[in-house]
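K.L.:
Residue numbers (our numbering), protein chains in the order written: chain F, 1 to 102; chain G, 1001 to 1119; chain Z, 2001 to 2491.
Be careful, since some hints might not be right.
[Unchecked claim] Below are the DSS-like pairs computed for lysine-lysine, each with C-alpha atoms no more than 30 Å apart in a straight line:
(1) F:Lys90 with G:Lys1112
(2) Z:Lys2301 with Z:Lys2453
(3) Z:Lys2301 with G:Lys1059
(4) F:Lys89 with G:Lys1059
(5) F:Lys90 with Z:Lys2301
(6) Z:Lys2028 with G:Lys1112
(7) Z:Lys2028 with Z:Lys2453
(8) Z:Lys2359 with F:Lys89
(9) Z:Lys2359 with Z:Lys2453
(10) F:Lys89 with Z:Lys2301
(11) G:Lys1112 with F:Lys89
(12) F:Lys90 with Z:Lys2359
(13) G:Lys1059 with G:Lys1111
(14) Z:Lys2359 with Z:Lys2301
(15) Z:Lys2298 with F:Lys89
(16) Z:Lys2453 with Z:Lys2298
(17) G:Lys1111 with F:Lys89
Read the hints as simulated data drawn from the structure, not as lab findings.
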Amino acid sequence: MEIGLGEYLALASLLFGIGATGFLTRRNALIQLMSIEIMLNSVNVVLVAVNRFHPENHAGQIFSFFVIAVAAAEAAVGLAILIALYRLKKTIETDKADVLRH
Amino acid sequence: MFPVYLPVLILLIVASAVALGMFTATSLAGPKKPTPEKMLPYESGSNTTGASHLRMSVKFYLTAILFVVFDIEAVFLYPWASLFRELGWFGFVEMLLFLTILGVTLVYAWKKGALEWEK
Amino acid sequence: MSMWLVIAPLLLMLVSGLFIMLVDAFAKERAELALVTSVAIAVAGAISLGVLVQGGAPADMPEVLTRYLASDPFAHFFDVAICAGASLSVLLAGGYLREHGLERGEFYVLVLFSCFGAMILARAIDLLSLFVGLETMSLGVYAMIAFRRTSARAVEGAMKYFLLGSFAAAILLFGSALLYAGTGHTDFVGIGEMIASGDAENRLVLVGMLMVVVGLAFKVSAVPFHMWTPDAYEGAVTPATTFMSVSVKAAAFAVFVRVCMVALGDESVMTASGWPTAIAGLAVLTMVYGNVAAIVQKSIKRMLAYSSIAHAGYVMVGLVAAAEIGAPAISAVLFYLLAYTVSNALAFGSLVVMGSRGKEAVHYDDLRGVGRRHPMAALPFVIGVLSLMGFPPTAGFFGKYYVFNAAVQAGDVWLAIVGVLASAVGAYYYLRVIVVMFMQEPEEDQVLAVPMKSGYVATALAASGAAVMALGMMPGWFLDVAIEAARQLLG
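Build out the structure end to end from the sequences listed, making use of the hints.
P.N.:
Next up, the structure:
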């Protein structure tokens, strides 16, 4: 059997689902951040796989480079906010962050 | 697909069976006389010091943040390097601009003291 | 028209951002960064306005510049709105940060880079530039919210927005990847053509489209994707809230309109996916919920947050109408966003001016009797809320009029009726500000908020007030420009 686009999409959807489930069920901000990274990487799987079937201008490959770079920047900003939150509250559990919930 | 992966599958089953079998056999056959000494985590014979969950200093995070950003930006250097000749002067100037921006941010981080370890 | 003039606004943002970073790192004395930043942004906006009225970019732009970014009148129109909002926010920051002892150069750098991202977003004609622009803009905003890092409110608001925002961005990105998988194209025009020709893999396109629309609805804070809005708006320093509520929202709508009309604008997609109906549903929810929730707020900052949710609903009414009648409705959306930008900046600016060091005006109670004690400080607030309410002859009135008119022309009369009823509900909480300021007296033991004296804030109020009146007095001129931009967008 030939591995086609469908299999790659199934793999990516599975990864994306794992990431989304992690994001929605966990309350630790660091783990939620990691879940988002998994979701972004599932996108890279799709992009690179599709690029194999539409190789005309390498749009998918180029796109995935940008996704990697942006994901790093996002992680940096997220970690910075996380540190600021930890310094103030000594916790990174998101349900303990409730000053705004009146 | 099936015939190609059949050996892998068989290997997987055999390996799991052997590993599981050994664990089951030792836990069934071996005598158990637990003492506090024996229940300590094994650390090459020396006594354990401190808890196993170390609390990392927040300074590591700061360094990690800078590392992540500057390290990953290098992802753009590889495609450029492999197409260096085809891209010519245009690519060179483009990459110089990109590196200038990164350089300015590095100078900024430096002057702001983000690279100091002791603070 | 030189090609350099067309890309000058983007370059200006980038160069001044780097320049201010270096000045902030090396300068010993306190530099007037707010002045430099607001002038740089205003100049960028003025250049775009110039390009816009001169008829747009030359036809012979090099391929490097046109592959991912448009330089059409639509983009330049949004440049004007984005830069106006950003420049006013920076002026407010110049007064606010100093008054409350928060003056640090980072804020201006963040605004400049975030504004750069917003302008990229308004120009995006490819899923790649959409994603990069969106993230550049958002990352700046996340940091901006956490700017007051000793405040638990600020950092929590930032954390919440960061997590939900990144989650939404990941959904949008996966949707983009599915659109690419379904059509083999990442540029909007290519995607649109593939769908129209029937060669696209329809199931992938539909799922991808759904995810992209959800991601964008989150960014414009449409109900039910609005959960982050009140907390982020309340936690942020007020100038950052201003920037988020105007420039970020305008840029998100720019790309929303472009995706819907260019990539998904084909008749067959509209009927097969029913996105106009889905957005109509979102618009109704957003207008009704935003206005009703705004009524019960005690904090004016939160009230303005819900009000900005409601305004996103009105804009989406225009987007729904655009699916039917095209350019006239898009031009109504453009006009609305420009009018909303200056009105909302005026309202937030008035809130900034009401407080001074040690006592920031946040709640309705803080404003009791301010109108009688300091009538000159209260006047901008009156104009601001009247414009947000849609009272003639302010900018907001014509914004609402054009949008609802477009809905009626498109045959969505019920949507226009819901919109008018929702804005009638909104009148209650806007007028309440005026009532509290002029007709109530402060409690005996209450700490009185004293208006701050700042040349920056006064300039911002004067400029936004003048813009509100100008848009209200001669809406026709701006609408003509918007119609031309909308026509060229549809090609």
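K.L.:
Take the hints in turn and mark each one as holding or not.
P.N.:
Comparing the hints with the structure gives:
1. F:Lys90 with G:Lys1112: holds, 25 Å
2. Z:Lys2301 with Z:Lys2453: holds, 21 Å
3. Z:Lys2301 with G:Lys1059: violated, 35 Å
4. F:Lys89 with G:Lys1059: Roughly 17 Å between the alpha carbons, so the hint for Lys89 of chain F and Lys1059 of chain G holds.
5. F:Lys90 with Z:Lys2301: The hint holds at about 28 Å.
6. Z:Lys2028 with G:Lys1112: Within the cut-off at roughly 12 Å; holds.
7. Z:Lys2028 with Z:Lys2453: holds, 26 Å
8. Z:Lys2359 with F:Lys89: holds, 24 Å
9. Z:Lys2359 with Z:Lys2453: Holds: Lys2359 of chain Z and Lys2453 of chain Z sit about 14 Å apart, inside 30 Å.
10. F:Lys89 with Z:Lys2301: Within the cut-off at roughly 24 Å; holds.
11. G:Lys1112 with F:Lys89: holds, 25 Å
12. F:Lys90 with Z:Lys2359: holds, 28 Å
13. G:Lys1059 with G:Lys1111: holds, 17 Å
14. Z:Lys2359 with Z:Lys2301: holds, 15 Å
15. Z:Lys2298 with F:Lys89: Roughly 26 Å between the alpha carbons, so the hint for Lys2298 of chain Z and Lys89 of chain F holds.
16. Z:Lys2453 with Z:Lys2298: Holds, because 26 Å separates the two Cα atoms, which is no more than 30 Å.
17. G:Lys1111 with F:Lys89: holds, 28 Å
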